[in-house]
Amino acid sequence: PLLNLMRDRLFESPFIHCDETRVQVLKEPDRDPTSQSWMWVQASGPPDRKVVLFDYTSSRAQEVPLCLLEGYRGYVMTDDYAGYNALALQPGVERLACMAHVRRKFVEAKKVQPQGKTGRADVALASINKLYGIERELKDVSDEQRYIGRQEKSLPELAKLKAWMEKTQPQVTSQSALGKAVNYLAHNWSRIERYIEAGFLPIDNNAAERAIRPFAIGRKAWLFSDTPKGATASAQIYSLVETAKLNGQEPYTWLRHVLER
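Per UniProt numbering, the very first residue in the sequence shown carries number 1; after that it's consecutive.
No wet-lab data here; the hints were simulated from the structure.
The structure presented is a predicted model; accordingly, all values stated were derived computationally and were not measured.
Glycine included, C-beta positions come from ideal geometry on N, C-alpha and C.
Hints are supplied without guarantee of correctness; some may be wrong.
[Claimed, not checked] With a Cα cut of at most 25 angstroms, we get these calculated DSS-like pairs of lysine-lysine:
id, residue 1, residue 2
1, K50, K27
2, K110, K130
3, K117, K50
4, K111, K180
5, K167, K180
6, K111, K160
7, K167, K153
8, K105, K50
9, K50, K130
10, K111, K139
11, K50, K162
12, K117, K180
13, K245, K111
14, K117, K130
15, K50, K111
16, K167, K130
17, K153, K117
18, K117, K139
19, K111, K27
20, K153, K130
21, K110, K220
22, K139, K153
23, K139, K220
24, K220, K162
25, K153, K111
26, K220, K180
27, K167, K110
28, K110, K50
29, K105, K117
[Said to hold, decoys possible] Quick list of the computed label-pair ranges, beta carbon to beta carbon:
id, residue 1, residue 2, range
30, R73, S174, 35 to 45 angstroms
31, P251, D226, 33 to 43 angstroms
32, S174, A82, 50 to 60 angstroms
33, L66, G230, 22 to 32 angstroms
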């Protein structure tokens, strides 16, 4: 019941961060013990009632996010994984793409530039850094003020970045680090720029990545789940613990309070 309530709270949010990571489950029916399964995370909620939900599945197919977010209406922030495409086609669902992923692509492109020289990757990074600088300026204002600030400051900077992208894309080879970065930006552009549509929308998917990091770190220690039931229990425990932490609660004390009621 508590996890169902948490999902209800999640669905009340106008946007949800989504991500997924690998998990190995040894005794899945009709599957090799070395097969990869998946732990999906969804994170959002109002500032005073944030929610993180983990869900285990053996598949990474597009049916999974469709099932997990069935009935949701709002924005979903994801990476470029095609498994979210079907979700984005559902009525009332709008997909956002992560600016941090774009930035990482250009950081990789910068690494292969001649050392000490400024290249085209620096142009993109400077523009992206300006956009993040605007977000820092608007961090503590209301959603309405953030929307106005983005329209006044972020929109012109996005226009400059788009113009640079359209000029640069035909000039670079698709297999080069810069070409891959530019093509990634171009492929996701319509979803990347959408964060300025409303003041409450995030610029990136870092919230989901932060939420999933404790699981990824823990996986290095415990390596795998034995059974699907164990993986499901792990997802439930991570949901409770990480939600408690996100809301400033000490997990053990909070879990005792909840489970003893």
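Hints that the structure is at odds with (numbers, increasing): 1, 3, 8, 9, 10, 11, 13, 15, 17, 18, 19, 21, 23, 24, 25, 26, 28, 31, 32
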